[in-house]
Amino acid sequence: MINDIKVSRNFKLYELESPDTHEVKIDKRMLSIIQTIRDYFQKPVIITSGYRTKEHNRAVGGVDNSYHTQGKAVDFFIKGIKPKELLRVSEYCGATGLGFYRGRHFIHIDIGKRRSWVKG
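Following my numbering, the numbering of the sequence shown begins with 10 at its first residue and continues without gaps.
Don't take each hint at face value.
What the hints assert, rightly or not - Here are the in silico distance ranges between beta carbons for each label pair:
id : residue 1 : residue 2 : range
1  : 126       : 103       : 31 to 39 Å
2  : 122       : 37        : 13 to 21 Å
3  : 91        : 11        : 29 to 37 Å
Bear in mind the hints are in silico, worked out from the structure with no lab data behind them. Ideal Cβ placement from N, Cα and C applies to all residues, glycine included.
Produce the complete structure using the sequences and hints provided.
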């Protein structure tokens, strides 16, 4: 497996890679936040989107200035934990961008400017 390298206690590089090229960029602060969230809940964090190349970001309908393309954003869920609780704990752990898309099973967190949204 490409990128089968441990980058924290519970995460490997491949979990954060852009699926089109296996390229990875991850800000250390973002990695620390998701590890802290994992430690808090004591349950696996399932990352649905970490780093994205600009091409992959366009393909999934991401905005041009997406923090995913800078390694500063992660979309994820934790089985059995409601999005509202994930957002609350994510903010406590240091995430400054907090988003939820109704009808989706994941939340978005980033370390960009402070803001939050619910869409859908």
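State, for the Cβ atoms of residue 122 and residue 37, whether the hinted interval 13 to 21 Å holds or is violated. Holds - the Cβ-Cβ distance for residue 122 and residue 37, about 19 Å, lies within 13 to 21 Å.
Kindly confirm whether 31 to 39 Å is satisfied by the beta carbon distance between residue 126 and residue 103. violated (18 Å)
C-beta pair residue 91, residue 11: status relative to the range 29 to 37 Å that was hinted: holds (33 Å)
The structure fails to meet hint 1 from the earlier list, while all remaining hints are met.
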